[in-house]
Amino acid sequence: MSDPVLQVRDLSVRYGPVQAVRGVSLSAARGEVVGIVGESGCGKSTLASALIGLNPPSARATGQIAIEGRDLVAMTEAERRALRGDRVAMVFQDPMTAFNPVLTLGAQLVDFQHRAPLTKAEKRARAAAMLARVGLPDPELALTRYVHELSGGMRQRAAIAAALMMQPALLIADEPTTALDVTMEAQILHLLRELRRDHDGAIVIITHHLGVVGELCDRVYVMYAGQVVEEGTVDEIYHDPRHPYTAALISCDPAHIADRAEVLPTIPGRLPDLTDPPAGCAFAARCTLATQRCAEPPPRVVLSATHAALCHEVRP
Amino acid sequence: MSSVADAAVPPVARAASAGALWRLMSDPMGAGGAVIVVSFVLLALFAPWVAPYDPLKLDVLNKLQGPSLAHLAGTDQLGRDTLSRLIWGSRTALGISLTATGVAGAIGLVLGLIAGYGPRWLDGALVLVFDSLSSLPMILFALAVITVLGPGTTTLILVIVLVSIPGYARLIRAQTLTLKTADFVQAERSMGASVPRILGRHLLPNVVGPLVIVLSMDVPVVIMLEAGLSYLNLGVRPPTPSWGNILYDGYNSLRQQPTLVIAAGVPLVLSTIGFTFLGEGLRDALDPRLQVRPR
Amino acid sequence: MLTYAIKRIALAVVILFTVMLAMFAMVFLVPGDPASLALGPRATPALKAELIQRMGLDQPVPVQVWNFFSNAAHGNFGYDVWSKRPVLDQILEVFPNTLFLGAVALGWALVLGVALGCLAVVWRGTFIDTVLGILSVSMIAVPSFVIALYSLLIFAVWLNWLPAVGAGTPGDWGSQIRAVILPAFAIGVTWVGYLARLVRASMLEVMGAPHIRTARAFGLSETRIVTHYALRLAIIPTIAILAVGFGAILSSAVFVETVFSRPGIGTLVTAAVSKRNYPVVMGTTLFMTAFYLFVVTAADLLIARLDPRVRDVFRG
Chain A
1 MSDPVLQVRD
11 LSVRYGPVQA
21 VRGVSLSAAR
31 GEVVGIVGES
41 GCGKSTLASA
51 LIGLNPPSAR
61 ATGQIAIEGR
71 DLVAMTEAER
81 RALRGDRVAM
91 VFQDPMTAFN
101 PVLTLGAQLV
111 DFQHRAPLTK
121 AEKRARAAAM
131 LARVGLPDPE
141 LALTRYVHEL
151 SGGMRQRAAI
161 AAALMMQPAL
171 LIADEPTTAL
181 DVTMEAQILH
191 LLRELRRDHD
201 GAIVIITHHL
211 GVVGELCDRV
221 YVMYAGQVVE
231 EGTVDEIYHD
241 PRHPYTAALI
251 SCDPAHIADR
261 AEVLPTIPGR
271 LPDLTDPPAG
281 CAFAARCTLA
291 TQRCAEPPPR
301 VVLSATHAAL
311 CHEVRP
Chain B
1 MSSVADAAVP
11 PVARAASAGA
21 LWRLMSDPMG
31 AGGAVIVVSF
41 VLLALFAPWV
51 APYDPLKLDV
61 LNKLQGPSLA
71 HLAGTDQLGR
81 DTLSRLIWGS
91 RTALGISLTA
101 TGVAGAIGLV
111 LGLIAGYGPR
121 WLDGALVLVF
131 DSLSSLPMIL
141 FALAVITVLG
151 PGTTTLILVI
161 VLVSIPGYAR
171 LIRAQTLTLK
181 TADFVQAERS
191 MGASVPRILG
201 RHLLPNVVGP
211 LVIVLSMDVP
221 VVIMLEAGLS
231 YLNLGVRPPT
241 PSWGNILYDG
251 YNSLRQQPTL
261 VIAAGVPLVL
271 STIGFTFLGE
281 GLRDALDPRL
291 QVRPR
Chain C
1 MLTYAIKRIA
11 LAVVILFTVM
21 LAMFAMVFLV
31 PGDPASLALG
41 PRATPALKAE
51 LIQRMGLDQP
61 VPVQVWNFFS
71 NAAHGNFGYD
81 VWSKRPVLDQ
91 ILEVFPNTLF
101 LGAVALGWAL
111 VLGVALGCLA
121 VVWRGTFIDT
131 VLGILSVSMI
141 AVPSFVIALY
151 SLLIFAVWLN
161 WLPAVGAGTP
171 GDWGSQIRAV
181 ILPAFAIGVT
191 WVGYLARLVR
201 ASMLEVMGAP
211 HIRTARAFGL
221 SETRIVTHYA
231 LRLAIIPTIA
241 ILAVGFGAIL
251 SSAVFVETVF
261 SRPGIGTLVT
271 AAVSKRNYPV
281 VMGTTLFMTA
291 FYLFVVTAAD
301 LLIARLDPRV
311 RDVFRG
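Protein chains in written order, with the numbering used here: chain A, 1 to 316; chain B, 1 to 295; chain C, 1 to 316.
Any given hint might turn out to be false.
The following residues of chain A were derived to be distant from chain C, with all beta-carbon distances above 10 Å [as the list claims (entries may be wrong)]:
| hint | residue |
| --- | --- |
| 1 | 128 |
| 2 | 180 |
| 3 | 287 |
DEER-style ranges, computed between Cβ atoms [said to hold, decoys possible]:
| hint | chain 1 | residue 1 | chain 2 | residue 2 | range |
| --- | --- | --- | --- | --- | --- |
| 4 | C | 129 | B | 78 | 42 to 50 Å |
| 5 | A | 302 | C | 129 | 46 to 54 Å |
| 6 | A | 279 | B | 204 | 47 to 55 Å |
| 7 | C | 119 | B | 252 | 37 to 45 Å |
| 8 | A | 178 | B | 174 | 28 to 36 Å |
| 9 | A | 140 | B | 125 | 45 to 53 Å |
| 10 | C | 115 | A | 77 | 18 to 26 Å |
| 11 | C | 223 | A | 296 | 47 to 55 Å |
| 12 | B | 48 | C | 306 | 55 to 63 Å |
| 13 | A | 78 | B | 107 | 58 to 66 Å |
Please keep in mind that the hints were generated in silico from the structure rather than gathered at the bench. All residues carry an ideal CB built from backbone N, CA and C; glycine is no exception.
My request is simple: use the sequences and hints to build the entire structure.
Here you go:
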């Protein structure tokens, strides 16, 4: 992996006193699908916004987000804007609210190609072709529709089509299946798996759903309280989770519970206060293995070329 | 804590707290408005002691004078002291607008509660009446009533009350309908509370807040209406001093002595701005989501 | 859309009918009969009898009600007590003046108000935003006829730039435009304040919506987002307020027309009120109510056109 499309180094994002993202480093290479998992409030949405340079003005980012070698953090807003919708694109969580309610889908899809040197008719044809590619039954009709006239699954397909239209080097999908029901989710996952074959950029999928990661990703970053606590290939994370949080997360996934359970297992305790995060391990308060050492900042223990965990108790 | 217990705390407790007053006074607009309003109220209350002259005393020899030490704001076409007339005018303006909005608010409150909590057919009938009344352009309705009853202070108050009721009643009705289905009212009902108890203990304290805000925002509108109708000679009758009829006197002597019209506009503009600022401040401090439409 | 339109129009007709009924009832609630009220205490019995007969007051009440409604439906609003001219003729003679005045007032207020509102959004949270906020509230608060009197004094009496009275010579556009400037200025000031605040509030709400984030994520320029994506949604509440505000415009017009002795609905009806000229007051009120209902209904239909969500609520 010589030249990654996305290279994040030591990224921190704060909103006033809240330290939403704390020293995150990650990378994604061409043709690779990378997952970022964690429960709500772990900072993954802030990370997603940061990756496309769309944090609210109150947010302060430090560190580096290099996209094809150019640092997003150091750029001016105009430069960031030039990158968005061209080299980077995003699929949003809720496609109902992600499209403008008073413009037709076609008008928006044509508008989103504003950088392409094409006529309006050509842009429209490209939009229709892309809608057909993501499996919308009647693309020409769909272009004349408003969002509220489309079904949930069609909207999400349209959102994916919109993001792929400019063939971005980096595609970020923020909870792409959360707003959908189970059957729709399966269809969208199927579509994304299909698309990854002919998409040659990098894809970053942000989700709280381990199933999505298992279905789609090559590598996974597990986030907790604004930090990456474990990273590895899907196999490593699923079959050899080393960080106690990852292990707990996987044991709570309903898909991993073989027998009939009366009560779904949960991780006791709650996320630490991010206005004043603990100096040591953030998970220590909820961890069954915690010792006194855990009050110290945990080391990053490298387990293999691809596998690493942020924990005192992990041995290589 | 169960969700029912949570919902059973009526939201009014928060609105009426001392915090709201602090929020009002820490907002420059609200504080400024409060200061202006209090000054006008004091001026109106103590008019007989503050005014340098009798507002009705004629002095035709000294008519239409410009500002001087003896007459700070000059005199009108009958030689009456303009400043004294303006100070007494604040009594007229505040007296009429506060009485009228108060009465209209009280009637609107009762009608709104009836429409919101009463039987459906009554609600339907009242809503149709409210809608029809508010479909009449306010000024034309006011003028029609004045035609029928003849101009004067009583008619003026009656007109203001009549044109204001639908707005207040609709507000209260909407609030009542929302609250009627709220958890804390449902809980009280399921425990067998009587209708007067629900209305008095739960609905009333919660609908009064928004009503007070809307009333306070309507006071400047009513002051304008009073002045406007008095300007047209269809409101307060001369010689009783009203800012509106002083403006009219000023308009008639505009070319000879502009002081009169200039001076008469000042308290009118100041008071409407003061009341509007206060209303805005109250709204921001108590219920920022409340929408107020132009009239 | 059609169902929606029919429902809205039917509602307007029902309201108009109720208003007519109320107006008619009001005449009967008056102590004393309308004829003696109109003629005053010194009228001779013969004069009174003639007027009673002319107004049809000697007929039984149901006949009067029927006559009133059928006449109004045929556009016959009765006759002036003094000049004996048909009321409708008088209304139609001056109505264009008032309409022109209102349109010019709203026009300049709309341009300046929307501009100031957008400006406040661009500089939200800054000193300029605060100043614009206080300025708009003050503009709302100042009574239009005081502005009319002051501007009459300054621009017509002292500077002698513009005419102090009248609506200009019929057929002479130059004089008509010169005559409308001051009254339209006086009426519009309030509206600049309203619209600036309204546009600011609804713009801020729209700019926070997820679909604006999507548009940003595709790298669209802020200008294009404001003009194509936000303004169209933000303008919807503005149109609703403009229609409702027609009544407020008319109120200011009554006073401002009197200040400038400008022929119009305002001066017509005020003169009639002073002379207790019943048919003119009633006729004008009915005419303007009908016009007002027409404007409000038209605005609702326009909103339904602009916002496809509203029209679908009523579709099925």
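Cross-check of the supplied hints:
1. 128: Label holds. Min Cβ-Cβ 18 Å, cutoff 10 Å.
2. 180: holds (16 Å)
3. 287: holds (36 Å)
4. 129(C) to 78(B): 42 to 50 Å: holds (48 Å)
5. 302(A) to 129(C): 46 to 54 Å: Distance hint for residue 302(A), residue 129(C) holds at roughly 52 Å.
6. 279(A) to 204(B): 47 to 55 Å: holds (54 Å)
7. 119(C) to 252(B): 37 to 45 Å: holds (41 Å)
8. 178(A) to 174(B): 28 to 36 Å: At 35 Å between Cβs, range holds.
9. 140(A) to 125(B): 45 to 53 Å: With Cβ atoms ~51 Å apart, the hint holds.
10. 115(C) to 77(A): 18 to 26 Å: holds (24 Å)
11. 223(C) to 296(A): 47 to 55 Å: holds (52 Å)
12. 48(B) to 306(C): 55 to 63 Å: Cβ of residue 48(B) to Cβ of residue 306(C): about 57 Å, so the range 55 to 63 Å holds.
13. 78(A) to 107(B): 58 to 66 Å: holds (59 Å)
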